[in-house]
Amino acid sequence: MDSSPTITLEELIEEFEALGDWEAQCEFLIDLGFELPKLPPELKTEETRVRGCQSNVWMVIELKEGSPRTVEIRAESDAMLVNGLIAVLLSIYSGKTPREILAVDVQDIFHRLGLDRHLSTARRNGLHSMVQRIREFAEQAARKESHAES
Amino acid sequence: MAEQGFNVLKIREDFPIFSQRLSGGKPFFYLDSAASAQKPRCVIEKEIEVYEQYYANAYRGVYEFGARVDEELDGGGDREGVREKVRRLLGASSAEEVIFTSGTTMSINLVANAWGRKFLQPSDEVLITLMEHHANLVPWQRITAERGAKLRYIPLSGDGRLDLAALDELLTSRTRLVAVTRMSNVLGTVNPIDVITKRAKEQGALVLVDGAQSVPHEPTNVLDPPIDFLAFSGHKLFGPSGIGVLWGRRELLEAMDPFLCGGHMISEVYLDHSTWAPLPAKFEAGTIPIAQAIALGAAVDYVDAIGWTAIHEHEQQLLEYAWDRLTEVPGLTVHGPGLEHRGPILSFSIEGAHPEDLAQLLNLKGVFVRHGHHCTMPLHDHLGVPATVRASFALYNTREDVDALVEGLHFARKKLRLA
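As given, the protein sequences belong to chains A and B, one line each in that order.
Just so you know, the working numbering puts 79 at position 79 of the first sequence, and the rest follows in order with no gaps.
Just so you know, the working numbering puts 322 at position 322 of the second sequence, and the rest follows in order with no gaps.
The set of hints was computed from the structure by calculation and includes no laboratory data.
No experiment lies behind these values; they were computed from the predicted model shown.
Cβ atoms here follow ideal geometry from the backbone N, Cα and C, with glycine treated the same way.
A couple of the hints might just be wrong.
Stated by the list, open to error - Which bits of chain B does chain A cover? Going by a derived footprint, with three or more residues having C-beta under 8 Å, they are:
no., stretch
1, 359-372
2, 405-417
Unchecked claim - Cut-off 35 Å, straight-line C-alpha distance, at most; resulting in silico cross-link-like pairs (DSBU-like, lysine-lysine):
no., chain 1, residue 1, chain 2, residue 2
3, A, K38, B, K414
4, A, K44, A, K64
5, B, K201, B, K85
6, B, K85, B, K10
7, B, K414, A, K44
8, A, K96, A, K64
Claimed, not checked - A partial selection of chain A residues facing chain B, derived with a Cβ cut-off under 8 Å:
no., residue
9, C26
10, I30
11, L43
12, E149
Put together the whole structure using the sequences plus the hints.
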């Protein structure tokens, strides 16, 4: 399954600026959600479920073979707006190395997209849980790499 | 038509928030009064009056401001105190049975701890229902576990009413207390407290009623049927947040131990023990929410002046209208019983649409609803859905609010590619 993002971060930021208001941006996020590739049902397990979300989110994070090794993220929610937010996360993180992921200032990106203003606290917490899951994976992977190097 | 004199547009003028517009001048449609109600000007002004004109701690000072605060709360001179207003609202026999708490949650926790810890024995049972808000569920779960007692649940019928046929088996001489909501915060179901109380009394069990949803919508009378405890929140009754009430029968309150300990609730404090103040102070440790409690009195006066008949008629007409209009929305299921058994609360699901998406999309159209499990996870398990969308109405809602909801749902279905 291809996990390449449906939109790049630059395109996303441009689109958000062009759309202007939250109403249009929210509708756009939902459209992005519809384009997000589905997760195979067998991967929607208790283990892949992200806690702290009002809706269900399942997330599979893997390290891709190759050099450098990059992180592959696949995720799906039963809520379409959340799928749109997953698409945003993919545009931020997908295809990056663990160290690159850890270097991302995601709060700054959320701020530029206005998500910190327009999402409810509960929704933000859910988004934060997804970010945490990705960062924890990246931290572990980076630590293993450091061990391997030394 | 509602009772003569009831004019919802006039009512809305009493609530400053309804003159607000969203960005771009868009109107908003508030359909979340079951979570918290908006405040009329008289409540807001009363709270300001306290802070601007005579604020002081309650029950502490003999000086003029302190005395005025005490008068506002407990009466004096020609002034009717808030406690007396609440007593009248509830049809109780004594204002001393009215305990100020922070809200329904604290009121029920108070009974669970102060009554439950003292009187529940290992072979005892507490009976609640499958439709309870977590506030009337988790405290009983904890205290029955602590006391080795058993928590049992009255099941629901297919249409979301209490299955009273199961009462004979569930309500026995082992039952010490039945804790039940008068109105479900999700299904809107209005429960027959009279039937339950009669059966409970036959078995010698006490009855606690969670009035959080019902008190803002109908007349309450704690003596008929003769229940033992009633809890409600000020903020759902158009009053301030942070203030609520526990009403309890005097002999029960007197027999119970205190819940929170500290200032004001004591009579004498020695190094090795203390004695308790008389009611209601025994259960009001520390400083109560002073201005909030006083302004709650203004909220009680406000609904009193409008009258329950007018409020009830208006809300029921609106409920009927919403019920009819929601059936126009394809794939929509309203959970819970028919109109004759419910208050002004409609929780629903739309096939193929996630409640969070619906709530987000409705918000884009200025329609404010609640989504989620509404603090009733066991009930949602029973309904077989993890979450629902809830629209709830109060005396200030109009048909325009319902129309905006229905239009918003059509819009949401389109955006979610269901139409």
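Status of the hint placing A:L43 at chain B (closest C-beta pair under 8 Å):
Since the shortest Cβ distance to chain B is 19 Å, the answer is violated.
Coverage of the stretch 359-372 of chain B by chain A, judged on three or more residues with CB within 8 Å:
holds (count 5)
With a cut-off of 35 Å on the C-alpha distance, tell me whether A:K44 and A:K64 pass.
20 Å, holds
Holds or violated: is the Cβ of A:E149 closer than 8 Å to a Cβ in chain B?
43 Å, violated
Minimum Cβ distance from A:C26 to chain B below 8 Å?
OK, holds: A:C26 within 8 Å of chain B, min 6 Å.
35 Å limit on alpha-carbon distance, applied to hinted pair A:K38 and B:K414
21 Å, holds
Was the hint right that A:I30 lines chain B, CB cutoff 8 Å?
6 Å, holds
35 Å Cα cutoff - pair A:K96, A:K64:
Between A:K96 and A:K64 the Cα gap is close to 10 Å, so the pair holds against 35 Å.
Taking only the CA atoms, is the gap from B:K414 to A:K44 under or equal to 35 Å?
It holds: about 27 Å lies between the C-alpha atoms, which stays within 35 Å.
Does B:K85 sit within 35 Å of B:K201, going by the straight-line distance between their CA atoms?
At roughly 28 Å apart (the allowed maximum being 35 Å), B:K85 and B:K201 satisfy the hint.
Would you check chain A against the stretch 405-417 of chain B, counting CB to CB pairs closer than 8 Å, and say if three or more residues qualify?
holds (count 3)
Does the alpha-carbon distance linking B:K85 and B:K10 stay inside the 35 Å limit?
24 Å, holds
Against the hints set out earlier in the document, violations occur for numbers 11 and 12.
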